[in-house]
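**Q** Take a look at the letters that make up each chain.
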Amino acid sequence: MKQTLTQSMAWLHTWGGLLFGWLLFAIFLTGSLAVFDQEIDHWMQPEIQQTSVSSAQAVEHAVAYLQRQHADASAWNISLPSARMPALRVTAGDRRSGISTYLDPLTGEPLVVRDTAGGTFFFRFHYSLSMPRNPGIWIVGLAAMAMLVALISGIIIHKKFFKEFFTFRPNKGQRSWLDAHNASAVLLLPFHLMITYTGLLIFALIYMPAALDSLYKGDFAAFYREHIDVMEEPHQAQTHPAPLTALAPLLAQAEARMGPLSGVVIEHPGRSDAHIEMRRVLGNRIALTKGHNMVFDGVTGELLAGPPELRPSVLAQRVMFGLHFAQFGGYPMRWLYFVCGLLSSAMIATGLVLFTVKRRRKYVTESALGQQLYRLVESLNVAAIAGLTVACIGLLWLNRLLPVELAQRAGWEVRGFFALWLLSLLHAWLRPRLQAWREQLSLAALLCLGLPLLSAISDGQAWGDSMRLWLEVTVVALGLLLAWSVWRLRQPQMQHSERRVRPAQAQVN
Amino acid sequence: MSKANETTQAWPICSRVLAGLLGGYVFTYALTAALAQLLPLDRVDALLIASLLSFSFYTLAILWAFAARSVWRAWAVVPAAAPLALIGFWPHLLERLA
Amino acid sequence: MMTAFLGSLLLAYSSMLALCQGLERHYKQVWGRAPTLLQRRVLRGVGWLLLVASLWGCAQAWGWAMGPVGWFGMLSLSGLALALLLPYAPRLAVYAPVLGLPCWLLLYALAG
Numbered sequence: 001m002k003q004t005l006t007q008s009m010a011w012l013h014t015w016g017g018l019l020f021g022w023l024l025f026a027i028f029l030t031g032s033l034a035v036f037d038q039e040i041d042h043w044m045q046p047e048i049q050q051t052s053v054s055s056a057q058a059v060e061h062a063v064a065y066l067q068r069q070h071a072d073a074s075a076w077n078i079s080l081p082s083a084r085m086p087a088l089r090v091t092a093g094d095r096r097s098g099i100s101t102y103l104d105p106l107t108g109e110p111l112v113v114r115d116t117a118g119g120t121f122f123f124r125f126h127y128s129l130s131m132p133r134n135p136g137i138w139i140v141g142l143a144a145m146a147m148l149v150a151l152i153s154g155i156i157i158h159k160k161f162f163k164e165f166f167t168f169r170p171n172k173g174q175r176s177w178l179d180a181h182n183a184s185a186v187l188l189l190p191f192h193l194m195i196t197y198t199g200l201l202i203f204a205l206i207y208m209p210a211a212l213d214s215l216y217k218g219d220f221a222a223f224y225r226e227h228i229d230v231m232e233e234p235h236q237a238q239t240h241p242a243p244l245t246a247l248a249p250l251l252a253q254a255e256a257r258m259g260p261l262s263g264v265v266i267e268h269p270g271r272s273d274a275h276i277e278m279r280r281v282l283g284n285r286i287a288l289t290k291g292h293n294m295v296f297d298g299v300t301g302e303l304l305a306g307p308p309e310l311r312p313s314v315l316a317q318r319v320m321f322g323l324h325f326a327q328f329g330g331y332p333m334r335w336l337y338f339v340c341g342l343l344s345s346a347m348i349a350t351g352l353v354l355f356t357v358k359r360r361r362k363y364v365t366e367s368a369l370g371q372q373l374y375r376l377v378e379s380l381n382v383a384a385i386a387g388l389t390v391a392c393i394g395l396l397w398l399n400r401l402l403p404v405e406l407a408q409r410a411g412w413e414v415r416g417f418f419a420l421w422l423l424s425l426l427h428a429w430l431r432p433r434l435q436a437w438r439e440q441l442s443l444a445a446l447l448c449l450g451l452p453l454l455s456a457i458s459d460g461q462a463w464g465d466s467m468r469l470w471l472e473v474t475v476v477a478l479g480l481l482l483a484w485s486v487w488r489l490r491q492p493q494m495q496h497s498e499r500r501v502r503p504a505q506a507q508v509n
Numbered sequence: 510m511s512k513a514n515e516t517t518q519a520w521p522i523c524s525r526v527l528a529g530l531l532g533g534y535v536f537t538y539a540l541t542a543a544l545a546q547l548l549p550l551d552r553v554d555a556l557l558i559a560s561l562l563s564f565s566f567y568t569l570a571i572l573w574a575f576a577a578r579s580v581w582r583a584w585a586v587v588p589a590a591a592p593l594a595l596i597g598f599w600p601h602l603l604e605r606l607a
Numbered sequence: 608m609m610t611a612f613l614g615s616l617l618l619a620y621s622s623m624l625a626l627c628q629g630l631e632r633h634y635k636q637v638w639g640r641a642p643t644l645l646q647r648r649v650l651r652g653v654g655w656l657l658l659v660a661s662l663w664g665c666a667q668a669w670g671w672a673m674g675p676v677g678w679f680g681m682l683s684l685s686g687l688a689l690a691l692l693l694p695y696a697p698r699l700a701v702y703a704p705v706l707g708l709p710c711w712l713l714l715y716a717l718a719g
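Chains as they are written, first to last, in my numbering: chain U, 1 to 509; chain G, 510 to 607; chain L, 608 to 719.
These are computed hints drawn from the structure, not numbers from a lab.
C-beta: ideal position from N, C-alpha, C; glycine also.
Some hints here could point you the wrong way.
[As the list claims (entries may be wrong)] Distance windows between CB atoms, simulated:
id : chain 1 : residue 1 : chain 2 : residue 2 : range
1  : U       : Val230    : L       : Arg647    : 34 to 42 Å
2  : U       : Glu366    : L       : Met609    : 29 to 37 Å
3  : L       : Trp655    : U       : Val230    : 44 to 52 Å
4  : G       : Pro549    : U       : Ala256    : 39 to 47 Å
5  : U       : Val230    : L       : Arg651    : 48 to 56 Å
6  : U       : Lys172    : L       : Leu706    : 48 to 56 Å
7  : U       : Ile99     : L       : Leu714    : 35 to 43 Å
8  : U       : Leu430    : L       : Pro675    : 27 to 35 Å
9  : U       : Gly259    : L       : Pro675    : 33 to 41 Å
10 : U       : Ala237    : G       : Leu548    : 38 to 46 Å
11 : L       : Leu644    : U       : Leu453    : 41 to 49 Å
12 : L       : Arg651    : U       : Lys172    : 40 to 48 Å
[Claimed, not checked] Mimicking EDC-like on lysine to aspartate or glutamate, the simulated pairs with C-alpha atoms at most 16 Å apart in a straight line are:
id : chain 1 : residue 1 : chain 2 : residue 2
13 : U       : Lys160    : L       : Glu631
14 : U       : Lys159    : U       : Asp179
15 : U       : Lys290    : U       : Glu309
16 : U       : Lys290    : U       : Asp219
17 : U       : Lys358    : U       : Asp179
18 : U       : Lys163    : L       : Glu631
19 : U       : Lys160    : U       : Asp179
20 : L       : Lys635    : U       : Glu164
21 : U       : Lys163    : U       : Asp179
[Stated by the list, open to error] Every beta carbon over 10 Å from chain U, so not counted as near; a handful from chain G, in silico:
id : residue
22 : Ala539
23 : Val587
24 : Phe598
25 : Leu606
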């Protein structure tokens with residue numbers, strides 16, 4: 001008897017889903033948290049206050065400070081305060097590796113702000129698993145391909161796609177887990193397909209450089225120059241000192257053209273070849289406008305390059321990126337992405353749990369190796385789902401508990417994150433299955449519910465501003481959800497399938 | 510061997526996984542390059558469109574590796590890649606033939 | 608913006624509800640009896656209309672470029688909310704829009 005398409009796709013969906021499910025849950029959960037990366041950053045830097053200061057004033061303070069402290073730097077980078085990120089930050093030298101200082105936007109004086117991994121950690125983990133850039137990106141790409149394969153194979157095998165569109169039958173053990181998996185997968189299918197595919201597209205030329213190799217012999221710089229009008233750097237053989245032009249009118253011009261600004265870069269300040277780049281806040285349109293800046297001459301103030309006009313294919317590409325980055329549409333859109341992302345993570349989790357629920361009775365009679373492997377899968381489920389949740393909320397706790405003066409503090413926060421996660425795996429292996437779930441979910445719930453108390457005690461005041469309040473309210477709401485799930489795990493009907501098993505084997509985890 | 514036995518034997522599974530992941534990648538790479546050359550568009554547009562579609566091709570190639578009736582058929586993606594690679598990377602040879 | 612957002616959400620949920628009630632198994636789940644053919648057709652027709660209306664509402668909130676993106680999100684979330692509510696509180700699931708509408712009207716009046 002030949003295997004049908006449904007059978008082969010079911011096999012692929014099950015095993016591909018299991019092998020990559022743990023990784024995909026982590027990618028989806030951290031991705032959902034990354035939607036609010038700047039808000040989490042802000043919560044993790046309680047020294048920074050929300051102030052309302054005009055961009056011109058902020059730039060004035062920033063330039064004055066940079067002039068005093070780093071007059072001969074090769075570049076100045078100014079991150080302007082915005083609605084989502086109230087911090088004013090200046091960097092002398094290269095943006096990533098230069099000397100960074102936070103300034104008070106009102107006074108222009110340097111602020112001492114704790115070194116933290118921030119919400120940015122979730123963003124970095126999401127696309128690179130906190131690994132060195134290339135291996136991490138490749139592994140995430142492989143996981144994303146597995147997700148696509150799982151989605152399409154899932155559609156192929158789901159015969160009652162429309163009939164069971166709204167079907168969810170709780171309290172029926174395996175049937176309920178399958179319903180939950182189907183409902184969350186089918187109803188959010190546009191989101192799943194969109195977010196996975198657009199995610200792959202962001203690094204498309206790394207994953208699949210075929211077209212670049214074929215048309216440009218792999219020369220990315222040549223492609224970059226052709227696809228967007230890039231300003232050629234005017235080369236001055238000899239540069240001499242020249243005063244920096246007034247920035248306020250340039251700011252006004254840039255804001256009129258591009259909307260609110262997120263930052264200013266001044267290359268070669270105080271020299272004749274200075275130029276000024278204005279970055280806009282992302283989100284006026286779906287298309288991701290990262291890197292599409294206005295460039296001015298630093299001495300004369302003349303506009304050298306406007307925000308580039310995008311040809312249709314490039315615009316389409318940027319819209320695809322934008323759909324994944326979710327910087328557009330204001331807070332309502334951001335919340336939609338956040339909730340959809342969490343539900344996607346839940347969808348993956350239901351799949352992982354369904355795998356074990358389906359095989360629970362069968363594995364009682366399997367060989368010793370089979371039982372150990374099954375035990376491993378159960379433990380990995382607990383660690384990947386509940387353990388990761390503990391680690392994520394744990395990162396916020398570490399942010400308040402680690403001493404502020406600790407050197408390399410951000411690194412220690414990240415180490416703490418991974419330590420918590422590893423401990424959760426150990427715990428899951430050692431404890432019986434249900435206890436492992438209950439204990440880890442309870443810990444996550446407690447950490448979530450206790451967050452406002454933690455910040456009140458450590459900061460000496462309650463939340464501090466509206467953004468932190470919203471974050472703490474959300475975390476408490478998630479804590480309540482986790483607590484409810486723990487309560488559900490106590491229900492007797494979860495155990496009803498055990499009654500047919502001999503009492504001695506009912507202890508098998 | 511019949512496909513019905515396959516799910517319990519290691520070699521056919523490994524073979525299909527490799528056919529899907531590696532063979533599928535080779536096929537997709539060749540197809541994307543060929544498409545980039547064949548599309549009657551500007552270089553930039555052709556590159557972007559071909560790259561955009563590439564992940565759909567790869568997904569289908571992986572599904573094919575498991576849906577194919579036999580392990581041999583699963584590996585068909587590799588020989589199928591050959592003419593595509595020719596179009597993608599040696600288009601001048603084809604122009605001489607045409 | 609919030610008025611349009613909440614209004615579209617209400618419309619999205621109502622459309623999912625109508626389409627769902629147009630299916631025999633879910634109509635039975637709530638009312639205990641099978642729907643007539645006419646009822647099913649009307650429910651589905653109304654469902655599709657409300658669907659389109661919610662797309663229009665999203666476009667009012669975000670414009671026609673971002674609107675469809677938000678629309679898909681709203682449909683998915685309201686569909687899932689409905690699927691989760693039905694087994695636990697079927698009558699609530701059905702009457703929720705009836706309760707939601709006056710609240711939204713109040714908001715609309717206040718927003719001016």
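**Q** Against this structure, judge whether each hint is valid.
**A** Structure-based check of each hint:
no., hint, verdict
1, Val230(U) with Arg647(L): 34 to 42 Å, "violated (59 Å)"
2, Glu366(U) with Met609(L): 29 to 37 Å, "violated (56 Å)"
3, Trp655(L) with Val230(U): 44 to 52 Å, "holds (48 Å)"
4, Pro549(G) with Ala256(U): 39 to 47 Å, "holds (40 Å)"
5, Val230(U) with Arg651(L): 48 to 56 Å, "holds (53 Å)"
6, Lys172(U) with Leu706(L): 48 to 56 Å, "violated (29 Å)"
7, Ile99(U) with Leu714(L): 35 to 43 Å, "violated (49 Å)"
8, Leu430(U) with Pro675(L): 27 to 35 Å, "violated (50 Å)"
9, Gly259(U) with Pro675(L): 33 to 41 Å, "violated (22 Å)"
10, Ala237(U) with Leu548(G): 38 to 46 Å, "holds (43 Å)"
11, Leu644(L) with Leu453(U): 41 to 49 Å, "violated (59 Å)"
12, Arg651(L) with Lys172(U): 40 to 48 Å, "violated (28 Å)"
13, Lys160(U) with Glu631(L), "holds (14 Å)"
14, Lys159(U) with Asp179(U), "holds (13 Å)"
15, Lys290(U) with Glu309(U), "holds (13 Å)"
16, Lys290(U) with Asp219(U), "violated (21 Å)"
17, Lys358(U) with Asp179(U), "holds (13 Å)"
18, Lys163(U) with Glu631(L), "holds (10 Å)"
19, Lys160(U) with Asp179(U), "holds (11 Å)"
20, Lys635(L) with Glu164(U), "holds (14 Å)"
21, Lys163(U) with Asp179(U), "holds (12 Å)"
22, Ala539, "violated (7 Å)"
23, Val587, "holds (15 Å)"
24, Phe598, "violated (6 Å)"
25, Leu606, "holds (18 Å)"
Hint compliance for this structure: hints 1, 2, 6, 7, 8, 9, 11, 12, 16, 22 and 24 are not met, and every other hint is.
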